[in-house]
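A.B. asks: If you want the building blocks of each chain, they are given just below.
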Amino acid sequence: MNAAETKVRLTVGGAVNARTGVYIVRPSDDEVLALLERGEYCSVLFSRQTGKTSLIKRARARLIEKGYATAEVEVAGMLGSPKDADEWYQGLLDEIARQLRLKVNVTEWWQMTSAITANQKLIQFFREEVIAKRSTDKPVIIFLDEIDSTLKLAYTDDFFVAIRAMYNDRASDPLYEKIAFCLVGVATPNELIKEKRTTPYNIGKTIELPDFDAARDDLTPLYRAVYATDEARGAAVVRAILAETGGHPYLTARVLEALGQADDIPAVVRRQFASLDEVKSDVHFDIMLRFLNERVDDKRSTLELYRRVLGGALVPDQATPTHLNLKLIGLVKRDGQGNLVPRNPVYARLFDHTWAEAALPHKRAKWRNLWQKWWQSW
Amino acid sequence: MENTFRWDVFISHSSRDKARVQRLAEALRTTGLEIWLDDWVIQPGDDIYAAIEDGLEHSRIQILCLSQPANESDWVKLERNTRLFQDPQNKERRFIPVLLEDCQMPATLRRLKHVDWRDEGETEMAKLIQACTPPKLQKPKIANRKNATQTQTAPPSGAMRVEDARYVERPADIEALASAKREAETIVITAPPQTGKSSLLKRYLSECQKMGKKTALIYLSHFQENELDDYPIFLTELARTIWRQCSQPSEASPITLRNQRELTNYIEDRLLATVPHPIVFAFDEVDHMLGRSWQSDFASTLRLWHERRADPLPNPWARLGLVLASSTEPYLFIKDSLRSPFNVGLQLELQLFGEKEYQKLARNYGVRLAPAELDRMIKLLGGQPYLTQLACYHLTRFDFAALDRNAARPDGPFGSHLRALEKKLEDAGLLEAMKQLASYGTQPGREDLYRLRGTGLVREANGRIAPANDLYKRFFGSLR
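Protein chains in written order, with our numbering: chain X, 1 to 378; chain W, 1001 to 1480.
Fair warning: there could be bad hints in the mix.
Claimed, not checked - Here are the in silico distance ranges between beta carbons for each label pair:
| no. | chain 1 | residue 1 | chain 2 | residue 2 | range |
| --- | --- | --- | --- | --- | --- |
| 1 | W | R1446 | X | K152 | 22 to 32 Å |
| 2 | X | R290 | W | R1258 | 27 to 37 Å |
| 3 | W | R1446 | X | D30 | 27 to 37 Å |
| 4 | W | Q1209 | X | R290 | 46 to 56 Å |
| 5 | X | L276 | W | G1354 | 28 to 38 Å |
| 6 | W | P1371 | X | S281 | 29 to 39 Å |
| 7 | W | N1315 | X | A267 | 19 to 29 Å |
| 8 | W | N1226 | X | A267 | 51 to 61 Å |
| 9 | W | H1277 | X | A61 | 46 to 56 Å |
Hints are computed from structural coordinates only; laboratory data are not their basis. Where is the CB? At the ideal position from N, CA and C, for every residue including glycine.
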């Protein structure tokens, strides 16, 4: 194979450029679109570098083509992390108003409204300014990307409580069926609302993105990216790579990038991802480790669950924080029978039993964590 | 003689007028004039007096910014006297006083026509630009310049001029220039300090301009400390800098931004909506944003601009290219693990000079080196581009043996560079660690290790670090 023949460049970081990049359509694409078209809430909460942003950008474009009014706010880059809650809320509403071309001065509205709490103001705004003034009968769809960046902001509970309230009130007030939210990021639904005494944000469907599958997905764009002129040869190469990467979008793109002339594919993969030490400078793996170390509350349980999965035990997927976190790190996936299995051979080799055992926190640290949690809960 | 001028304008000013002077310089630069401004030209390690002398010597026009602080400043006096002494008739070269605020005009200057920029008016700026623009057409001027650079009279300092014939291309150059020809992309150029990032950036932008793209070059180091401390002020100044460079000067639009969302919308509604060309924002010295309270937020905004380009729907962001030059891994731009990392765009690592580049550079300077000398020079300088250029410059006057013998001396050919490094390390509390490393190979602790790596003064091999080259090993090893 010839690198020069790879005319199309594969995307390894950030969204796939719709004009110049290679995009693989997966069942999750249609699933998200169908839910949103019906005005259902859905969340794309999944591990990093798996195509979340690309998916919602395409879903949004298709909704617009079909005449839906939509807004997409990437909250980290747009709103940042202001100290003042009002600045965040007004920024969010102003951006939504701007994209929906609403004729409302959000700053004035925010000050003049009779509602008192942020929660009430949000509901009132969505009801009176967004839903009531929409131009079609189709629901207004609001995408919020990088939703995990709200986890460190102290004041965003009101937002999630507000959009959940609108959902729950659909039964009594059909007007709320005319707005739907799609949250996107690397988070579990139950951590979005930080106040533990409040019911968690547990509404709508959470979509997980399946890795590429040659039997299920049309991978022709990938085959052509490898051999522009010989699709069959391209297919053979891609299938050999998928056997190693399990179809993980990032790993697959990385291997394709590194491929040289007439390479032995398993050898390339082993060279590319030789050991955790050698891939440490690769942001992808560093993010996985940082997620485990910085974001997982109960590292021990998470790692113990991982060791069971790795050991081949039958572990049914459940909605516990431990199961969810393990999937968000990206180490495991749900198989066709609803059980957790190692995500792919590359991860299983890098994050093996030896690693999992060494990464286990000491017993004493566990008690310290529990104590800290108890302390914080007061 | 016309062709000895390397700069169009030399700007003398008091450091207390810095913010305003920078606006003035920026406005002049956007018209294509080459500007000598201390902050832009003098690099850490340069001999300041020599650099100023060199700047005055090779500038066609001197602008003296008049203000109360300027009248009191010795520096300004020195520069003024030099110029007036050099050219009492003030005919061949021009000398233009620019009034920044009400002040007592020195007697020697009263007979000269001045530009009144007290209220930063557009018409006065237009007059100044008119006065600074060379009488000859643009094209022969560039041709003359090329000859001028080949006279090789000047020591290298800072970024090289785009048309400098001594420039040596590396693989990253070729990739970058190819990208300049393509549709808008994001590029991150990474390399240790003083290894040619700014020069590459300038060449990249020059190539973009040839393709009909509008460009804005943003030096994060040119922002004032108070501008960097206050996020809204930084965003506002950034928007103004970009606007000045990408739009017509007459379309000045005074704005005040409160947050990054307003900046993003300003770019979409004002800039991309009115400028039909492809646009490139080039951020040099991105490292200057590290450690600011807004670092991650701003980096997320840059990432957002990149991501908008990916939208399937036709949108103006597809016309906006981004290029960032940094000594730091882009991964570190976004610190927290609660948002996507800065993992976007094409990352170009600018390699140090190898044997091939050494030979080219020596040839460009007209320097002959025996193969053994070439080997020793590579070991001595470790492929550090700035040092290599400086060495070639000195080799036009001394032989290699002399250069090698005196290399590590504080008063030697690299003396001012080395002394500045010593000072920098001392200020950072890293000097002792560097001395130990140079003398005994002692590995510093984790924290110092990371910080030393960021200076570009060490290299890594087999999990250990060592001074980046023999010169640093000798110099820091000789310090007591």
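A.B. asks: Each hint should be assessed against the structure and marked as holding or not.
C.D. replies: Going down the list of hints, with the structure as the test:
1. Separation of W/R1446 from X/K152 is about 26 Å and conforms to the stated range, judged on CB atoms against 22 to 32 Å.
2. The hinted window of 27 to 37 Å between X/R290 and W/R1258 holds, with their beta carbons roughly 32 Å apart.
3. Taken as a hint, the range 27 to 37 Å is violated for the pair W/R1446 and X/D30, whose Cβ atoms sit roughly 49 Å apart.
4. The hinted window of 46 to 56 Å between W/Q1209 and X/R290 is violated, with their beta carbons roughly 40 Å apart.
5. With their beta carbons about 31 Å apart, X/L276 and W/G1354 fall inside the hinted range of 28 to 38 Å.
6. Between W/P1371 and X/S281 the C-beta distance comes to about 35 Å, which sits within the given range of 29 to 39 Å.
7. Against the hinted window of 19 to 29 Å, the Cβ-Cβ separation of W/N1315 and X/A267 comes to about 43 Å, which falls outside the hint.
8. Distance hint for W/N1226 and X/A267: a CB-CB separation of about 56 Å, consistent with the stated range 51 to 61 Å.
9. Between W/H1277 and X/A61 the C-beta distance comes to about 25 Å, which lies outside the given range of 46 to 56 Å.
Checked against the numbered hints given earlier, the structure breaks hints 3, 4, 7 and 9 and satisfies all the rest.
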